[in-house]
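Produce the complete structure using the sequences and hints provided.
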Amino acid sequence: MQSRSHSFKENAREAIADPNIQAAMAKMKVGFTGKRLAAAARLPEFEALRDAARDIKNHSLANLDFYLERYEAKVLETGGQVHWAPTAADARKAILDICERAGAKTVTKGKSMISEEIALNDHLEEAGMTVVETDLGEYIIQLRKEPPSHIIAPAVHVSKEQVEADFRAQHQHLPAERSLSEPTDLVNEARQILRQRYLDADVGITGANFLIAETGTSIIVTNEGNGDLTQSLPKIHIVIASIEKVVPNLEDASTILRVLARSATGQEFSAYTTLSTGPRRAEDPDGPEEYHVILLDNGRSSMLGSEFQDMLRCIRCGACMNHCPVYHAVGGHSYGWVYPGPMGAVLTPNLIGVEEAGHLPNASTFCGRCESVCPVRIPLPKMMRHWREREFERHLTPKSVRHGLGVWAFMARRPALYHRLTGLGIRALAALGRRRGRFTSLPLAGGWTKYRDLPAPQGKTFQQLWAEKQKNGRAAK
Amino acid sequence: MSKPEPRVGLFVTCLVDLFRPSVGFAAVKLLEAAGCRVEVPELQTCCGQPAYNSGDKADTRAIALQVIEAFRDFDYVVAPSGSCAAMIKKHYPELFEKEPEQLAKAEELSARTFELISFLTDVMQLSDVEAAFPQTVTYHDSCSGLRELGVRDQPRKLLSSVNALSLVELSDADICCGFGGTFCVKYPDISNIMVTSKTGSIESTGAQTLLAGDLGCLMNMAGKLQRSGSDIQVRHVAEVLADMTDTPAIGAAEGDTRNGGN
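For the protein sequence lines, the chains are L and Z, in the order given.
Anchor point for the first sequence: position 470 equals 470 in the working numbering, and the numbering is continuous, going up by one each time.
Anchor point for the second sequence: position 167 equals 167 in the working numbering, and the numbering is continuous, going up by one each time.
No lab work stands behind these hints, which were simulated from the structure alone.
As the structure is a computational prediction, the values presented were derived from the model and not from experiment.
Please note that a few of the clues may not be correct.
Stated by the list, open to error - Using 30 Å as the maximum straight-line C-alpha spacing, the simulated DSSO-like pairs for lysine-lysine come out as follows: (1) Lys3/Z / Lys9/L; (2) Lys186/Z / Lys27/L; (3) Lys3/Z / Lys105/Z; (4) Lys471/L / Lys29/Z; (5) Lys3/Z / Lys471/L; (6) Lys235/L / Lys74/L; (7) Lys57/Z / Lys9/L; (8) Lys105/Z / Lys382/L; (9) Lys35/L / Lys157/Z; (10) Lys57/Z / Lys105/Z; (11) Lys157/Z / Lys90/Z; (12) Lys90/Z / Lys105/Z; (13) Lys382/L / Lys90/Z; (14) Lys186/Z / Lys460/L; (15) Lys27/L / Lys9/L; (16) Lys93/L / Lys74/L.
Encoded structure:
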């Protein structure tokens with residue numbers, strides 16, 4: 001997907017001016033957070049489970065080569081095939097080859113952020129295939145020709161009314177007078193359209209929430225059951241997953257599942273947790289004839305051993321963006337690439353470069369709400385700061401910021417000079433603003449006074465007043 | 001025989017030093033009333049957060065070493081700010097992870113450093129104050145204090161001992177006000193959405209005064225309230241707890257000294 005991360009500021013301004021996005025964000029910022037809080041409160045061991053989930057992921061990452069090879073061996077043993085894809089292009093090529101060899105005309109897809117990351121749909125469509133997203137949210141944004149704005153709720157920015165208009169425009173074979181005013185009407189219509197697509201599909205592609213090293217199983221969680229139909233009806237099932245999804249065994253996956261849905265939607269469990277292991281066996285009533293796994297690296301292995309390794313723990317629950325006041329202000333599309341919110345602010349520069357995505361780790365107040373809800377305790381603000389350090393080292397920080405910071409730091413490192421100059425400056429500023437108590441505009445403070453008044457200083461600095469007090473105190477003795 | 005008075009170095013914070021010294025004097029009064037001997041080292045300027053959060057580690061380390069040196073001899077270091085206290089307490093050790101000698105000094109300082117209100121309650125065991133403020137107030141939890149230092153119940157506990165004060169909770173007390181240090185000037189449009197949401201909930205409480213423990217957040221919220229024509233007053237919580245509310249509130253005009261009487 002073409003990145004628009006470099007124009008984050010402009011994207012954000014557009015989103016701020018868009019009443020639909022603002023209305024959608026106002027709704028989501030209370031919905032998700034309240035549900036997560038209630039779900040966590042109902043489970044006394046929730047905090048301990050977060051520690052356990054973190055430890056499982058840390059262990060898996062520390063032994064990633066071992067578990068991936070073990071996983072591969074198990075997949076082969078169960079009759080599946082594994083395709084290692086160092087880059088997005090490798091993954092696209094592997095998938096296209098499988099589809100072309102099968103003579104595929106229609107490809108159905110479960111929700112997969114990795115497929116967004118490698119821009120899979122465009123690639124398959126260019127080759128003449130019809131690609132159908134089967135997750136309702138993904139289906140909606142596919143109709144709208146938009147990328148997802150949230151990793152678990154891809155159409156969270158779209159209103160019910162917009163969906164109705166999209167459905168009427170796209171499903172013209174259905175009676176024009178049908179009612180679509182209720183969400184259930186929309187769900188039923190999508191279900192009806194998609195049902196035939198599942199049956200038509202030659203290949204089904206799903207993502208994976210977990211890869212199980214011990215059994216060669218891939219696991220997806222959904223609330224619609226669309227993943228099951230996507231992977232069991234076509235002759236070929238392709239799983240596309242990034243390498244950090246592997247965990248040692250099913251017990252580990254179960255532990256993480258206990259924090260995943262609670263953190264994401266406040267559910268105790270997703271409606272469907274689907275395990276698939278290899279192609280259909282002789283005794284199975286259904287299932288695909290071929291089972292392929294695409295293991296995507298795309299920059300992740302270079303995060304191992306770096307200050308960003310902890311980011312590979314991410315289980316894509318979306319809690320960080322659900323709780324992020326910056327995400328709430330600007331919506332997911334402003335981030336300009338596949339992954340929005342705090343996890344995107346750390347991951348995106350790793351995958352597409354900090355030159356392109358530098359705004360993302362900077363557009364944070366470090367309020368820490370993301371870290372406080374992350375089920376695997378990723379220190380997101382700390383890693384955003386690491387990006388700022390790298391930018392500073394490489395002179396990517398804007399010149400104005402660098403210059404201002406330089407002057408300030410020069411002073412801050414020289415207390416005597418600092419106190420003398422700030423004492424003079426503050427006195428002048430106070431004299432200007434004392435009568436009114438504040439400034440509505442001030443040279444060099446436009447970023448502040450564009451939207452708010454600047455309180456005037458009281459007069460002398462604390463250091464000056466304290467020194468005077470000490471002197472008077474001594475004189476009185 | 002009474003215990004010797006603990007010797008407290010006041011970390012004034014740059015914003016209090018420059019914009020609102022009365023908060024510093026309120027801190028001194030509270031600390032002295034709690035039985036501390038307060039000193040203010042001249043060698044302090046800033047905790048280094050602007051540099052740290054801009055990725056400038058070299059300057060941050062130089063400033064941190066200066067702070068470590070300036071506050072070497074105190075029993076405790078106390079700051080009227082959760083953000084600056086967290087910088088010293090939580091982040092200074094991160095700066096010296098690979099230098100054992102400096103790390104030991106940073107950790108030693110970290111152990112002695114506290115945010116003002118939680119220091120009063122948790123270390124000095126203060127449970128009430130001598131103050132009156134006949135107003136309805138609301139309280140914003142600044143992010144660093146709340147999430148890095150666990151400051152939440154302490155200010156509420158002391159406020160409940162202020163005569164005639166009534167506290168009404170903000171619906172989003174724990175959500176960032178959009179200040180974020182340089183964030184508010186680097187991303188003013190986003191900061192504005194955040195602070196607008198915050199001042200909206202402040203106004204819906206019906207409180208006459210907004211309190212918090214960090215001057216940066218307070219200046220942001222005060223500036224927005226005033227820009228939107230609100231007459232809600234804004235003060236640092238230490239001013240109310242120290243019974244020092246005879247100065248104009250943050251951003252209020254000279255001579256506007258309405259306080260408890262209003």
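How the hints compare with the structure:
{"no.": "1", "hint": "Lys3/Z / Lys9/L", "result": "violated (57 Å)"}
{"no.": "2", "hint": "Lys186/Z / Lys27/L", "result": "holds (27 Å)"}
{"no.": "3", "hint": "Lys3/Z / Lys105/Z", "result": "holds (27 Å)"}
{"no.": "4", "hint": "Lys471/L / Lys29/Z", "result": "holds (18 Å)"}
{"no.": "5", "hint": "Lys3/Z / Lys471/L", "result": "holds (28 Å)"}
{"no.": "6", "hint": "Lys235/L / Lys74/L", "result": "holds (21 Å)"}
{"no.": "7", "hint": "Lys57/Z / Lys9/L", "result": "holds (26 Å)"}
{"no.": "8", "hint": "Lys105/Z / Lys382/L", "result": "holds (22 Å)"}
{"no.": "9", "hint": "Lys35/L / Lys157/Z", "result": "holds (29 Å)"}
{"no.": "10", "hint": "Lys57/Z / Lys105/Z", "result": "holds (18 Å)"}
{"no.": "11", "hint": "Lys157/Z / Lys90/Z", "result": "holds (24 Å)"}
{"no.": "12", "hint": "Lys90/Z / Lys105/Z", "result": "holds (13 Å)"}
{"no.": "13", "hint": "Lys382/L / Lys90/Z", "result": "holds (11 Å)"}
{"no.": "14", "hint": "Lys186/Z / Lys460/L", "result": "holds (28 Å)"}
{"no.": "15", "hint": "Lys27/L / Lys9/L", "result": "holds (23 Å)"}
{"no.": "16", "hint": "Lys93/L / Lys74/L", "result": "holds (24 Å)"}
Going through the hint list in order, the structure does not satisfy hint 1, though it satisfies all others.
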